[in-house]
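Chemist: Given next are the chains, with one letter for each unit.
2 protein chains.
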Amino acid sequence: MPQSRVSGKWQVVAIVGVGLIGGSVGGAIRQRKLAEQVIGIGHNEHELEWARHRGWLDTWTTSLAEGVRQAELTVVCVPVDQIANCILEAAQHMPANSLITDVGSTKRNIVVAVEGKLPGWVEYVPAHPLAGSEKSGPYHADPDLFVQRQVIVTPTRSNTSAGLLRIRNFWTALGSTVQQMSAEEHDRMAAAISHLPHLLAAALVRATPRQWLPFAASGFRDTTRVAAGDPRLWTAILLANREAVQQALELWEQQIVMVRRLLEAPDGPGLQQWLAQAQQVRHALGSGNPTDRT
Amino acid sequence: MPQSRVSGKWQVVAIVGVGLIGGSVGGAIRQRKLAEQVIGIGHNEHELEWARHRGWLDTWTTSLAEGVRQAELTVVCVPVDQIANCILEAAQHMPANSLITDVGSTKRNIVVAVEGKLPGWVEYVPAHPLAGSEKSGPYHADPDLFVQRQVIVTPTRSNTSAGLLRIRNFWTALGSTVQQMSAEEHDRMAAAISHLPHLLAAALVRATPRQWLPFAASGFRDTTRVAAGDPRLWTAILLANREAVQQALELWEQQIVMVRRLLEAPDGPGLQQWLAQAQQVRHALGSGNPTDRT
Numbered sequence: 003m004p005q006s007r008v009s010g011k012w013q014v015v016a017i018v019g020v021g022l023i024g025g026s027v028g029g030a031i032r033q034r035k036l037a038e039q040v041i042g043i044g045h046n047e048h049e050l051e052w053a054r055h056r057g058w059l060d061t062w063t064t065s066l067a068e069g070v071r072q073a074e075l076t077v078v079c080v081p082v083d084q085i086a087n088c089i090l091e092a093a094q095h096m097p098a099n100s101l102i103t104d105v106g107s108t109k110r111n112i113v114v115a116v117e118g119k120l121p122g123w124v125e126y127v128p129a130h131p132l133a134g135s136e137k138s139g140p141y142h143a144d145p146d147l148f149v150q151r152q153v154i155v156t157p158t159r160s161n162t163s164a165g166l167l168r169i170r171n172f173w174t175a176l177g178s179t180v181q182q183m184s185a186e187e188h189d190r191m192a193a194a195i196s197h198l199p200h201l202l203a204a205a206l207v208r209a210t211p212r213q214w215l216p217f218a219a220s221g222f223r224d225t226t227r228v229a230a231g232d233p234r235l236w237t238a239i240l241l242a243n244r245e246a247v248q249q250a251l252e253l254w255e256q257q258i259v260m261v262r263r264l265l266e267a268p269d270g271p272g273l274q275q276w277l278a279q280a281q282q283v284r285h286a287l288g289s290g291n292p293t294d295r296t
Numbered sequence: 003m004p005q006s007r008v009s010g011k012w013q014v015v016a017i018v019g020v021g022l023i024g025g026s027v028g029g030a031i032r033q034r035k036l037a038e039q040v041i042g043i044g045h046n047e048h049e050l051e052w053a054r055h056r057g058w059l060d061t062w063t064t065s066l067a068e069g070v071r072q073a074e075l076t077v078v079c080v081p082v083d084q085i086a087n088c089i090l091e092a093a094q095h096m097p098a099n100s101l102i103t104d105v106g107s108t109k110r111n112i113v114v115a116v117e118g119k120l121p122g123w124v125e126y127v128p129a130h131p132l133a134g135s136e137k138s139g140p141y142h143a144d145p146d147l148f149v150q151r152q153v154i155v156t157p158t159r160s161n162t163s164a165g166l167l168r169i170r171n172f173w174t175a176l177g178s179t180v181q182q183m184s185a186e187e188h189d190r191m192a193a194a195i196s197h198l199p200h201l202l203a204a205a206l207v208r209a210t211p212r213q214w215l216p217f218a219a220s221g222f223r224d225t226t227r228v229a230a231g232d233p234r235l236w237t238a239i240l241l242a243n244r245e246a247v248q249q250a251l252e253l254w255e256q257q258i259v260m261v262r263r264l265l266e267a268p269d270g271p272g273l274q275q276w277l278a279q280a281q282q283v284r285h286a287l288g289s290g291n292p293t294d295r296t
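Protein sequence lines, in the order shown, are assigned to chains A and B.
Position one of the first sequence corresponds to residue 3 (our numbering), numbered consecutively onward.
Position one of the second sequence corresponds to residue 3 (our numbering), numbered consecutively onward.
Keep in mind that a hint or two might mislead.
[Stated by the list, open to error] Per label pair, the in silico range of CB-to-CB distance:
#	chain 1	residue 1	chain 2	residue 2	range
1	A	186	B	259	25 to 31 angstroms
2	B	162	A	256	47 to 53 angstroms
3	A	211	B	87	31 to 37 angstroms
4	A	174	B	272	36 to 42 angstroms
5	A	141	B	46	47 to 53 angstroms
[To be verified] Selected chain B positions facing chain A (in silico; Cβ < 7 angstroms):
#	residue
6	208
7	221
8	229
9	258
Simulated from the structure, these hints should not be mistaken for laboratory data.
Built from N, CA and C at the ideal position, the CB exists for glycine as well.
When you get a sec, could you build the whole thing from the sequences and use the hints?
Modeler: What follows is the structure in structure tokens.
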């Protein structure tokens, strides 16, 4: 076993897709000196060169095959609808005993799509860092994006304990806390705490008559901030996790039916209790993350 | 006309209800030296004394009659369901040619309730500063709460241009931009940009399975922040503005029906367009207020 693995340091890490997340992963690895070399892989040469110049990458290429050829670890940071194909293609060119992880906001669709199709010399450990922003692109990348954030790892049937441990350690080294759950559980969780809120924020923006928007104060801005997210990325996420999002929407609709009745009655004490229960839960959640940037 | 009016300075200003907003009004007046004396009126002696000590008030009393007896201006900062009665009672004890304004989040219910019942020597000019917080109480008051915020003034049929101007100048002196509209228009606006978002945030918190809350990241926290607001205050607001809130909820439900269909189809291009329109509007809104405190 080479020295690098024992020390938790990697020789070559390839990052496929150098946007907000990919750029942040690269910057985080380089800032913490966790690899000898970070190679960025993408389509946009201008952005890749910018990311290299900014210090997020050591080098870059537009060829997936070339970029991953020596990569002990490949981190796939492309949109969720491209991750599975990207993993399958990258694996063909990766060296023996190498690892792939990803940052996709959905997990089951990817796990199902790659299942049984990976070559024996590559192990894929699915992951999802619960970090991000309504912004996108390498220009908004941040080497501390994963600090004090949670990363969900969803082991597959073919994962080895050694592979799992190395990927857990990778994310821990970037400052995150790693949690494990099944891909199905992850997708239900993500639907509830991320995908549904996004959809509701977008619906709220759309439902607001334009003439009132100039009066929107901090409450409205907070409530709708996530709706500024990239529509292409979010379409892919919502479609990939369609069933769980629909289920979350059902649960949500029950609350709307309930409050609509309380308003129609009108039932003051009932409404106050309905609001008080929400307040109690929201208070327990705290005001924000220490690394929040709004 | 006494010198004080010419210079835009008040002799005595009474503030009824010294919580987050009332305390901030008092602090703003005193910091800007806009009055000779600021008198706080409330029930909780401990909070009133704290507010005086903190510099939000010059003096305080628990007697409404005493507190407003010499007040050229009374600012009513009690919950919306108590404002109308408070105005009617205060007016009985106020001096000749005095003014009342308020900070209620709803306007029509108050205007209707006081219409034709005020004595001739007092003029009431309804107002609503679009500022606030999910926090409450004088401990969170801030003399700069109204800086760069909008204050909506909703003139009644009995308002004089002189009275209206003095109240507009009062809020302008606190750092706000003043807008005028009808009480009905205000209430529809407030339902769309404040009351509905509050209700939706509360519903989202309630609809989220408890076991997923520990995974809530900044997106969920932003989207639900307003749900931490005081349930008693918000029940009063939602009931006072019930019809406009119900109408806003209808508009909103149309968006949910739309996105539900797009998910069910599934219609990727349609969903992306639906999200893109929301993103465009949200972008135009900007990321937040300069004086945001989260």
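Chemist: Does each hint hold? Answer for all of them.
Modeler: Outcome of the hint check:
1. A/186 x B/259: 25 to 31 angstroms: Hint holds: Cβ distance 28 angstroms, inside 25 to 31 angstroms.
2. B/162 x A/256: 47 to 53 angstroms: The hint (47 to 53 angstroms, Cβ to Cβ) holds, given that residue 162 of chain B and residue 256 of chain A are roughly 51 angstroms apart.
3. A/211 x B/87: 31 to 37 angstroms: With Cβ atoms ~32 angstroms apart, the hint holds.
4. A/174 x B/272: 36 to 42 angstroms: holds (41 angstroms)
5. A/141 x B/46: 47 to 53 angstroms: holds (51 angstroms)
6. 208: holds (5 angstroms)
7. 221: holds (5 angstroms)
8. 229: This interface hint holds because 4 angstroms falls under the 7 angstroms limit.
9. 258: holds (6 angstroms)
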